[in-house]
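Participant: Residues in the sequence shown are numbered from 346 upward in steps of one, following our numbering.
Misleading hints may appear alongside valid ones.
[Claimed, not checked] Mimicking DSS-like on lysine-lysine, the simulated pairs with C-alpha atoms at most 25 Å apart in a straight line are: (1) Lys-438 to Lys-397; (2) Lys-355 to Lys-390; (3) Lys-355 to Lys-392; (4) Lys-397 to Lys-355; (5) Lys-390 to Lys-372; (6) Lys-438 to Lys-355; (7) Lys-372 to Lys-355; (8) Lys-397 to Lys-372; (9) Lys-442 to Lys-390; (10) Lys-397 to Lys-442; (11) Lys-442 to Lys-372; (12) Lys-438 to Lys-390; (13) Lys-372 to Lys-392; (14) Lys-355 to Lys-442; (15) Lys-442 to Lys-392; (16) Lys-372 to Lys-438; (17) Lys-392 to Lys-438.
[Stated by the list, open to error] Distance windows between CB atoms, simulated: (18) Ser-384 to Glu-436: 18 to 24 Å; (19) Ser-399 to Lys-372: 25 to 31 Å; (20) Glu-360 to Glu-436: 30 to 36 Å; (21) Leu-415 to Arg-349: 22 to 28 Å; (22) Asn-421 to Leu-354: 15 to 21 Å; (23) Asp-363 to Ile-386: 25 to 31 Å; (24) Val-375 to Asn-403: 26 to 32 Å; (25) Asn-437 to Arg-357: 20 to 26 Å; (26) Arg-357 to Glu-382: 26 to 32 Å; (27) Ser-399 to Ser-351: 16 to 22 Å; (28) Glu-411 to Arg-357: 30 to 36 Å; (29) Ser-384 to Leu-404: 15 to 21 Å; (30) Ile-401 to Asn-437: 22 to 28 Å; (31) Asp-435 to Asp-363: 34 to 40 Å.
No lab work stands behind these hints, which were simulated from the structure alone. Ideal Cβ placement from N, Cα and C applies to all residues, glycine included.
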Amino acid sequence: MEYRISTNLKYRIFERDDDQDIFISTKNCVVECYISEESRIQFIKIKAILVKLSSISNLMTVHFLEENDLYSSVANLEISANLLSIMLDDENKVIVKG
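Please put together the full structure from these sequences, using the hints given.
Facilitator: In structure tokens form, the structure reads like this:
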């Protein structure tokens with residue numbers, strides 16, 4: 346798979362067949378998700394981000410989780426699998442750019 350995810354946070358990868366799930370801990374920081382340069386969505390009390398990658402699609406699904414399981418997802422979105430950046434910045438905010 347040619348997916349590129351850049352992060353400075355702790356993560357775990359789970360593989361099933363040709364699919365990958367990447368579980369990224371956000372340390373309950375504020376998460377700012379930039380849809381474009383002018384648009385962002387802000388989430389508070391997010392414990393983790395789950396990125397689901399599939400070998401049959403050029404999209405990835407990003408889930409924002411209040412707890413450590415998929416059933417606690419407060420939002421999800423599909424974005425291009427080319428590049429995803431999930432970084433903790435100097436203000437202890439998690440910045441998501443896709």
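Participant: Could you run down the list of hints and mark each one as holding or not?
Facilitator: Verification of the hints:
Annotation: proposed proximity of Lys-438 to Lys-397 holds, straight-line Cα distance about 22 Å (limit 25 Å). Restraint check for Lys-355 and Lys-390: the C-alpha separation of about 17 Å stays at or below 25 Å, so the hint holds. Of the pairs offered as hints, the one joining Lys-355 and Lys-392 holds, with about 12 Å between alpha carbons and a cut-off of 25 Å not exceeded. Between the alpha carbons of Lys-397 and Lys-355 the distance comes to roughly 16 Å, so the proposed pair stays at or under 25 Å and holds.
For the hint linking Lys-390 to Lys-372, the alpha-carbon distance of about 9 Å falls within 25 Å, and the restraint holds. Under the criterion of a C-alpha separation no larger than 25 Å, the hint pairing Lys-438 with Lys-355 is consistent with the structure, at around 15 Å. At roughly 9 Å between alpha-carbon atoms, Lys-372 and Lys-355 fall within 25 Å of each other, so this suggested pair holds. Note on Lys-397 and Lys-372: the hinted pairing holds, with a Cα-Cα distance of about 20 Å set against a maximum of 25 Å.
Restraint check for Lys-442 and Lys-390: the C-alpha separation of about 19 Å stays at or below 25 Å, so the hint holds. The straight-line distance between the Cα atoms of Lys-397 and Lys-442 is roughly 16 Å, inside the 25 Å bound, and the hint therefore holds. Taken as a hint, the Lys-442 and Lys-372 pair is honoured in the structure, with Cα atoms around 18 Å apart against an allowance of 25 Å. About 11 Å separates the Cα atoms of Lys-438 and Lys-390, which keeps this hinted pair within 25 Å; it holds.
Under the criterion of a C-alpha separation no larger than 25 Å, the hint pairing Lys-372 with Lys-392 is consistent with the structure, at around 6 Å. The suggested pairing of Lys-355 with Lys-442 holds, with an alpha-carbon distance near 17 Å, which does not exceed 25 Å. Distance restraint check for Lys-442 and Lys-392: the Cα-Cα separation of roughly 18 Å lies within the 25 Å cut-off, and the hinted pair is therefore satisfied. Pair hint Lys-372 plus Lys-438 holds up; C-alpha atoms about 10 Å apart against a cutoff of 25 Å.
A threshold of 25 Å between alpha carbons decides the hint, and for Lys-392 with Lys-438 the separation of about 12 Å falls inside it, so the pair holds. At about 20 Å, the beta-carbon gap between Ser-384 and Glu-436 stays in the expected band of 18 to 24 Å. For the hinted restraint 25 to 31 Å between Ser-399 and Lys-372, the CB-CB distance of approximately 27 Å keeps it satisfied. For the pair Glu-360 and Glu-436, the beta carbons lie near 34 Å from each other, so the given range of 30 to 36 Å is met.
Judged by the Cβ atoms, the range 22 to 28 Å given for Leu-415 and Arg-349 holds: they are separated by roughly 23 Å. Against the hinted window of 15 to 21 Å, the Cβ-Cβ separation of Asn-421 and Leu-354 comes to about 18 Å, which satisfies the hint. Hint check: Asp-363 to Ile-386, Cβ distance near 30 Å, so the stated range 25 to 31 Å holds. For the pair Val-375 and Asn-403, the supplied restraint of 26 to 32 Å holds, since their beta-carbon distance comes to about 30 Å.
In this structure the hint that Asn-437 and Arg-357 lie 20 to 26 Å apart at CB holds, the actual value being about 21 Å. Against the hinted window of 26 to 32 Å, the Cβ-Cβ separation of Arg-357 and Glu-382 comes to about 31 Å, which satisfies the hint. Separated by about 20 Å at the C-beta atoms, Ser-399 and Ser-351 satisfy the suggested range of 16 to 22 Å. In this structure, Glu-411 and Arg-357 break the distance hint of 30 to 36 Å, their C-beta atoms being roughly 18 Å apart.
Between Ser-384 and Leu-404 the beta carbons are some 19 Å apart, a value that agrees with the proposed interval 15 to 21 Å. Distance hint for Ile-401 and Asn-437: a CB-CB separation of about 37 Å, inconsistent with the stated range 22 to 28 Å. Hint check: Asp-435 to Asp-363, Cβ distance near 38 Å, so the stated range 34 to 40 Å holds.
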